[in-house]
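Colleague: If you want the building blocks of each chain, they are given just below.
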Amino acid sequence: MSAKSVRVIPGFSATLGLTIGYLSLVVLIPLAALILKAAGMTAQQWLDTLTDARVLASFRLSFGGAAIAALINGVFGLLVAWVLVRYPFPGRKLIDAFIDLPFALPTAVAGIALTALYAPNGWIGQLLPFKVAFTPLGAIIAMIFIGVPFVVRTVEPVLQDVDSELEEAAACLGASRVQTFLRVILPSIAPALLTGISLAFARAVGEYGSIIFIAGNLPGVSEIAPLLIVTKLEQYDYVGATAIACLMLAVSFAMLLAINMLQKWNRQRLGGLS
Amino acid sequence: MSRAATRDPILVRWLLIAVAVSFLALFLVLPLAAVLTEALRKGADAYWRSLGGDDTLASIRLTLLVAGIAVPLNLAFGLAASWAIAKFDFAGKAWLISFIDLPFSVSPVISGLIYVLLFGAQSALGPWLIEHDVKIVFAVPGIVLATIFVTFPFVARELIPLMEEQGRDEEEAALTLGAGGLRTFWAITLPNVKWGLLYGVLLCNARAMGEFGAVSVVSGHIRGLTNTMPLHVEILYNEYDFVGAFAVASLLALLALVTLGAKTTLEWWHRDELAAAGRH
Amino acid sequence: MTWFLIQDIKRAAIAAAAATAIAAAIAIAIPGALAAEPKTLLNVSYDPTRELYQEFNTAFVKHWKTRTGEDLKINQSHGGSGKQARGVIDGLEADVVTLALAYDIDAIAEKAKLLEPDWQKRLSYNASPYTSTIVFLVRKGNPKTIKDWDDLIRSDVQVITPNPKTSGGARWNHLAAWGYALNKWNNDQAKAEDFVGKIYKNVPVLDTGARGSLTTFAQRGIGDVFLSWENEAILANREFGGGFETVIPSLSILAEPPVAVVDKVVDRRGTRAQAEAYLKFLYSPEGQEIAAKHHYRPRDPDIAKKYASDFPNVRLFTIDDVFGGWGKAQKEHFGDGGIFDRIQAKK
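Chains as they are written, first to last, in my numbering: chain A, 5 to 278; chain B, 56 to 335; chain C, 1176 to 1522.
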C-alpha cells in the first residue's frame, strides 16, 4: 500500500478540489482576515502580549484545563461508548439520546445550569467539601460537559465496526479479555479515540459561553483566554483581540497537527505490518 | 455477540455500566434536569404560554432555516472531504485534516468576529456592500455563515476515521469488477459508513441549532428578526423571564432527543441487516 | 442486501436537497417580506432598558400615528453596551442608539464617523433624558449592617460586582467608589486606589455582565452586597421575591445613559424625522413618566416631583466633575495597564 500505487478509485481530484475550495471559502479566507488584522501589531506589542502575566495565566487555564477535560472525556467517553455498543441494558437507548445534549443546549444555558448545580448552594455543590463553581475547577467542569459527545460519537461507529471474529480468534489463542482489549480492540479504535480527544480538547480551549458563568473570572486565577479577547474588544482594541486569538489558534493548530501527524505515522506503521 | 469468547463477566459488565451511567448522570442528566426544573417552576401552563410568543416563534423559524441551509452544505462537504482523505494517499494530508479541525478550536467569539472583519462596515468590502444595500452581517446571511463555520468539521470528522478504518479493499474490488465510481460509492461506501454519517449529521444539526457565541456576534439581536433560539433564550433570561428562557432551552434539548428517536427507528427497521453485518 | 438502505439514503439525500431549496427560498423571500412592512426604526440599546423601551415604543408608535397618520414599527436590540456599540460601528443599522455610557457613543462617532463628535450637545441634559445611580442591594434585614462604601472594605463582607472591563454598569460602580474615596481623602489618588483595591479584594466572582452578577448574588447566594443600578435593584427585589433591601450610600455617581440619532443611517434610510421625534418624545411628559415608572430618574422637574417618593435623595457627583469625562476615565481606569489592571496585578 505505497503512496505511488496506481489509483483504482476515482473521484480524487473532484472531491479534493471540492474539499479545498469549500474549506478555503468558509474557513481559510475568513481566518486570513483575522491574521491580517493581527498583523497590525508591532514586534514589541507581540512581545508584550506574549509576556503579559495575565495572558499567560489565562492560556495556562484554557489549555491546561482543556487538556485535563479532554483526558477525562477520553477515559469516560470510551467507557460510555463501549457500554452503549456492547452491553444491552434497560434504558440504553435513552442514555444514548442524552449524549448530544451539550451541542443542542446553548452554551449560556449550559453554563447557567452547571453553575446552579455546582454552586455552594446547588444540588451537587452542597454535597462537596470543596468549592467547584467560581474556581478554575468550575471551568474544567464546563469543559468536560461541552466535550462529552466528541469522544463518544467518534468511537461509537468504529467500535460497532470492530470485527468480532478477531476477538474470537484472540480468545481461541488463549488471550484474556483484558489482553484482547489492549491488543486487538484498542489498536483499531485508537485513531477514533485520539480524534475524539483532540476535538474535545480543541473545543474546550475556545469555549466561552458556558465557562464565564461558572469560572468566577478572577484575573490571573480563573480567567480564560477567550474572556481576554472579549475585554480587548470592549476597548475597541480589535488588533489586540485578534492577536490573542491568533496565538490561541497557532497553539491549537500545532497540537491538532501533531496529533494528526502521529495518527498518520501510526497508520502507516500498522499498514506496513499487515 | 452471544458467543462466550466476546462476552465479559456479568460483574464487569454491570460495573462498567454503573460507572458510565453515573458519569453521564453527573455531567448530562443533572444539568438537563436543572433546566427542566426551572422551565416548569411555574407549572405546565406557564411553560406552554411562554413558547407561544411571536418572538419565540420567529426565533424557532430562523433557527430551522439556518440549520436547514448549514447542515446539507456541511454534509456534502463532509462526504467529499472524507472520500478524498480516506481513499487516497497524498502529501499534506495531516495538514488538511488539521485545517478541517480548525473551526473547533476557534473561540466562538472569534468565529463570529471573522465575518464582521470580512463583511462589516469597517472592512474593505463594507462600503461597497452598504452602497449596494447587501446585508451580510447583522442579518440572516451572516448568521448562516457563522453557523456553517462552527459546524463545518462535524460530518467530515465523523467519517474520516471510520472510512480509514474500513480501508479501500471493498471499493477496489467493486471497481475491478466493473462498477462505476458513483455506483461503488452508493452501493459500497455509503452503506458502510451510514451510521457514522448519521451521527455526524445529528451532531452537526444539534450544534447548528444550539450555537450561541458565534451567532451572537453577527446577529445584531433584533427582536423577532435576527434572534435564533439560543439568542432568544439569552434575551428572555435577561428579562427575568426564567421560565420562558428555560422553556426555549428545553425545546432545544428536546430536539436532540427527537433526532435520536429518528435514528433509533431507522436502526430498528434495519435490525436484521445490522445483525447480519455484525456477524459477517 | 443493502438495497433498502441505499433507498433510504437516496430518499434522505432528496429530502436534504428539498430542505435546502425550501430554506433558500424562504431566505430569499425574507427581504421581500420586509419591504412590504411599514417604515421601521431600529433602537439599539443596552441590557436593563428592555422593559422601559417595550412600553415606550408602544406609546411612541401611537403618538406618531395620531400626529402624522403614519404607521411605524420599532425594532429593538439589546445587549452589553460596548458590544452594541461595536455592532453599530461594524454595520448594524441603528437609527437611534440608547446606550449605557457616553464613551460608547463617542466610539461610534470616532471610529465609524456615523454621527458628529458633538452629538451630546444636540439634546438637553447631556443627551440623557433619564438618569440613574449606583446603590447597594443587601440581603433582607441587612445582616452585615452595610451602610456606606466604608463597609465594603471590611474583611467579613463579600462584594458582588461585574467585571468593569466587560460591563458598562460595573464601570459606574468602580467610578462611584473611586469618587467616594476621593471625596473622603481630599482627592488623594493613592488613597483612592488603595480603597478601591480593598473593595475588589472582597469580590469573589467577576461576572461579565450585570445580569450574571445579579444571578450569582440572588440565585447562588454568594456575597453580602451587590453594587447595582438603582432601577435594577428595585426590579431585582421584585423579580426575586423581595429577599433583599436597597441601601443608599452617602455619596454616589450620577449615571447618565445617553441617547443619539445615528446621522448617516437615518439619512440613508430616510428616517430622520421619525428618529428625531422618537428621542424628543423621551423628553416629553409622557416619555418622562414612562421612564419614572421603570425606575429611571426623570429629568423633567414636574414629573420628578410627582415621583419624588420613589427616588431617595442621594448626594451625587458627575463623571465630568470628578473624572473629566468618559474618554479620560475609560483610559485611566479601564484601559490596558490602567488602574483596574494595576489593582488586579497587586492582589
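Hints in this document: simulated from the structure, not taken from any laboratory. Honestly, I wouldn't trust all of these hints.
As the list claims (entries may be wrong) - Taking lysine-lysine pairs in the BS3-like style, the calculated list, with each CA pair at most 25 Å apart, reads:
#1 Lys41/A to Lys1315/C
#2 Lys190/B to Lys1240/C
#3 Lys1286/C to Lys41/A
#4 Lys190/B to Lys97/A
#5 Lys1468/C to Lys1288/C
#6 Lys135/A to Lys1373/C
#7 Lys41/A to Lys1366/C
#8 Lys1240/C to Lys1468/C
#9 Lys1315/C to Lys97/B
#10 Lys318/B to Lys97/A
#11 Lys1248/C to Lys1237/C
To be verified - DEER-style ranges, computed between Cβ atoms:
#12 Gly1418/C to Ala57/A: 37 to 45 Å
#13 Ile24/A to Ala317/B: 38 to 46 Å
#14 Gly95/A to His187/B: 54 to 62 Å
#15 Gln48/A to Thr319/B: 52 to 60 Å
#16 Gln48/A to Asp1496/C: 31 to 39 Å
Cβ coordinates follow ideal geometry from the N, Cα and C atoms, glycine included.
Colleague: Evaluate each hint against the coordinates.
Modeller: Verification of the supplied hints:
1. Lys41/A to Lys1315/C: Not OK: Lys41/A and Lys1315/C at ~51 Å, beyond 25 Å, violated.
2. Lys190/B to Lys1240/C: This hinted pair is violated, its Cα atoms lying about 29 Å apart.
3. Lys1286/C to Lys41/A: With a Cα-Cα distance of about 16 Å, the restraint between Lys1286/C and Lys41/A holds, given a limit of 25 Å.
4. Lys190/B to Lys97/A: With a Cα-Cα distance of about 44 Å, the restraint between Lys190/B and Lys97/A is violated, given a limit of 25 Å.
5. Lys1468/C to Lys1288/C: Answer violated: Lys1468/C to Lys1288/C is near 35 Å, above 25 Å.
6. Lys135/A to Lys1373/C: 23 Å, holds
7. Lys41/A to Lys1366/C: Distance of about 40 Å is beyond 25 Å: violated.
8. Lys1240/C to Lys1468/C: 23 Å, holds
9. Lys1315/C to Lys97/B: With a Cα-Cα distance of about 24 Å, the restraint between Lys1315/C and Lys97/B holds, given a limit of 25 Å.
10. Lys318/B to Lys97/A: 10 Å, holds
11. Lys1248/C to Lys1237/C: 10 Å, holds
12. Gly1418/C to Ala57/A: 37 to 45 Å: 39 Å, holds
13. Ile24/A to Ala317/B: 38 to 46 Å: 33 Å, violated
14. Gly95/A to His187/B: 54 to 62 Å: 57 Å, holds
15. Gln48/A to Thr319/B: 52 to 60 Å: 59 Å, holds
16. Gln48/A to Asp1496/C: 31 to 39 Å: 37 Å, holds
Violated hints, listed in ascending order, are 1, 2, 4, 5, 7 and 13; each of the other numbered hints is respected by the structure.
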